[in-house]
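Student: Here are the chains, one letter per residue:
Protein chains: 2
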Amino acid sequence: DMAETSDHHQGMSKPTERNAYVLPHRIDSYRSVVVDDALEDISPGNFQERLETSLDVWRLQGRRGVFLKLAIQQAGLIPIAVRLGFSFHHASKSGRNLVLTIWLPKDRPNNLPSGPTHFVGVAGVVMRGDGKILLVQEKSGPSARSKIWKLPGGLAEPRESIEEAVLREVLEETGVETKFVALTSVINLKPRKGNVARGGRSDLFCTCLLKSLQAYPTLSLQENEIKDAK
Amino acid sequence: DMAETSDHHQGMSKPTERNAYVLPHRIDSYRSVVVDDALEDISPGNFQERLETSLDVWRLQGRRGVFLKLAIQQAGLIPIAVRLGFSFHHASKSGRNLVLTIWLPKDRPNNLPSGPTHFVGVAGVVMRGDGKILLVQEKSGPSARSKIWKLPGGLAEPRESIEEAVLREVLEETGVETKFVALTSVINLKPRKGNVARGGRSDLFCTCLLKSLQAYPTLSLQENEIKDAK
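These protein sequence lines are chains A and B, in that order. Residue numbers for the first sequence follow my numbering, so the first one is 1 and each next one is one higher. Residue numbers for the second sequence follow my numbering, so the first one is 1 and each next one is one higher.
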């Protein structure tokens with residue numbers, strides 16, 4: 001990749017030394033620079049200098065965005081990246097990595113995609129043989145105080161489809177094995193102001209019709225979350 | 001809030017001094033501690049001590065999670081929070097704030113919700129008077145290289161519903177005003193490995209049937225993103 005663009009560097013002194021100093025990276029399919037797991041042996045001492053040089057080189061190469069992924073052990077590098085103009089993009093699912101980003105072109109608006117935008121919530125309407133619907137009471141959270149009976153469900157995991165998520169949540173909360181029948185509604189629950197955990201992201205709440213594999217299933221409640229079911 | 005729980009602190013010396021030292025915070029509806037925009041006047045010098053004391057007090061109070069929101073100007077505090085056990089939770093939409101989190105109870109598993117889990121993608125099938133479907137070619141990204149004709153669409157903004165997002169994207173990309181008819185399919189596009197910008201999150205891709213407000217609309221293409229439409 002550096003060879004391909006070395007003719008851009010004729011105005012610079014010692015382009016080879018300079019290029020050797022560029023942080024290890026790859027180019028993604030949107031022509032952005034990705035600096036990820038290869039930063040293990042970089043000391044905070046020379047990180048600032050190398051990142052500064054790298055940004056200069058990538059600008060000369062006409063690169064667009066830079067995604068910089070830092071492990072939590074490298075948290076000391078975050079203030080350095082921020083000083084050089086990076087913003088926060090997203091945290092990994094594990095919370096052990098942070099991706100920061102910067103937009104390089106000065107003559108074009110930033111069109112990098114944002115971080116994940118939504119939560120996906122799922123709820124299952126489980127039809128039983130007696131025509132009754134399975135309901136649960138939660139142990140904690142706002143619905144526990146008001147003792148609301150609600151459809152079993154919860155938040156989808158990052159890689160899950162709606163179908164996978166609703167079958168898993170119903171099984172976890174109630175022990176009932178079901179099959180998916182239909183997606184019956186999708187509504188957008190906007191975040192409440194001040195709910196920091198939600199970070200201003202909507203919950204795309206999907207209600208699904210499910211059928212119990214057994215007409216009269218035995219309930220087995222999730223110990224941490226579910227107080228009762230019927 | 002401190003008054004309510006002051007009787008828990010009888011074993012501690014100088015509980016009042018100690019409590020005054022606790023970082024400004026509030027308790028959310030899931031019994032978690034939220035420390036947000038009130039940190040402006042805290043210096044890195046005493047942040048570590050105050051955060052350490054705060055965590056001790058919150059543990060004694062039986063609090064569960066702590067959400068700590070730092071502005072990008074306070075990036076120097078991130079390594080301190082990480083040293084005390086915090087993980088990354090999510091970045092704000094603007095990229096100018098980072099939320100970190102820690103789980104306090106030592107005898108119960110962490111059940112804090114994760115950060116936003118999904119992207120929501122939308123695409124519009126726009127019916128015109130001649131029965132033809134509106135298609136676009138993008139200027140950049142993987143589909144530009146293969147010159148694919150595709151449905152107009154894109155990613156939903158964090159607060160948008162599917163309906164709002166698809167009407168906006170079609171209007172932005174093509175200039176065509178439409179009304180929503182039906183959600184016709186929802187599929188889960190799992191992230192490609194190594195796509196750092198997606199951070200391992202799925203794209204819940206929603207195709208919607210739309211009807212053009214004019215039978216034969218005039219096209220007006222988005223300059224930055226759309227190369228052609230038909």
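Since the hints were derived computationally from the structure, they do not count as laboratory data. A couple of the hints might just be wrong.
Unchecked claim - Straight line, CA to CA, 20 Å or less: simulated DMTMM-like cross-link-like pairs of lysine to aspartate or glutamate:
1. B:Lys190 / A:Glu157
2. B:Lys227 / B:Glu172
3. A:Lys139 / B:Asp107
4. B:Lys106 / A:Asp228
5. B:Lys190 / A:Glu163
6. A:Lys193 / B:Asp28
7. A:Lys193 / B:Glu157
8. A:Lys193 / B:Asp36
9. B:Lys139 / A:Glu157
10. B:Lys190 / A:Asp203
11. B:Lys211 / B:Glu163
12. A:Lys150 / A:Asp228
13. B:Lys190 / A:Glu225
14. B:Lys150 / B:Asp36
15. A:Lys93 / A:Glu157
16. A:Lys106 / B:Glu223
17. B:Lys93 / B:Glu164
Keep in mind the model is a prediction, meaning the values are calculated, not measured.
Student: Hint by hint, note whether the structure agrees.
Tutor: Tested hints:
Using a Cα cut-off of 20 Å, the hinted pair lysine 190 (chain B) and glutamate 157 (chain A) holds, with the two alpha carbons roughly 11 Å apart. For the suggested pair lysine 227 (chain B) and glutamate 172 (chain B), the alpha carbons sit about 13 Å apart, so the restraint of at most 20 Å is met. Proposed proximity of lysine 139 (chain A) and aspartate 107 (chain B) is supported: the alpha carbons are some 17 Å apart, at most 20 Å. A hinted pair counts as satisfied when its Cα atoms are at most 20 Å apart, and lysine 106 (chain B) with aspartate 228 (chain A) does not qualify at roughly 26 Å.
A threshold of 20 Å between alpha carbons decides the hint, and for lysine 190 (chain B) with glutamate 163 (chain A) the separation of about 14 Å falls inside it, so the pair holds. Of the supplied pair hints, the one linking lysine 193 (chain A) and aspartate 28 (chain B) holds, its CA atoms being roughly 11 Å apart against a limit of 20 Å. Using a Cα cut-off of 20 Å, the hinted pair lysine 193 (chain A) and glutamate 157 (chain B) holds, with the two alpha carbons roughly 17 Å apart. As the CA atoms of lysine 193 (chain A) and aspartate 36 (chain B) are separated by approximately 13 Å, the hinted pair is consistent with the 20 Å bound.
Taken as a hint, the lysine 139 (chain B) and glutamate 157 (chain A) pair is broken in the structure, with Cα atoms around 32 Å apart against an allowance of 20 Å. Distance hint between lysine 190 (chain B) and aspartate 203 (chain A) is fulfilled; the C-alpha atoms sit about 19 Å from each other, no more than 20 Å. Annotation: proposed proximity of lysine 211 (chain B) to glutamate 163 (chain B) holds, straight-line Cα distance about 13 Å (limit 20 Å). The hinted pair formed by lysine 150 (chain A) and aspartate 228 (chain A) meets the criterion: a straight-line CA distance of about 10 Å does not exceed 20 Å.
For the proposed pair lysine 190 (chain B) and glutamate 225 (chain A), the alpha carbon gap of about 28 Å is over 20 Å, so the pair is violated. Taking the CA atoms of lysine 150 (chain B) and aspartate 36 (chain B), the gap is near 43 Å; set against the 20 Å cutoff, the hint is violated. Between lysine 93 (chain A) and glutamate 157 (chain A) the CA atoms are separated by roughly 9 Å; this keeps the pair inside 20 Å, and the hint holds. About 17 Å separates the Cα atoms of lysine 106 (chain A) and glutamate 223 (chain B), which keeps this hinted pair within 20 Å; it holds.
At roughly 18 Å between alpha-carbon atoms, lysine 93 (chain B) and glutamate 164 (chain B) fall within 20 Å of each other, so this suggested pair holds.
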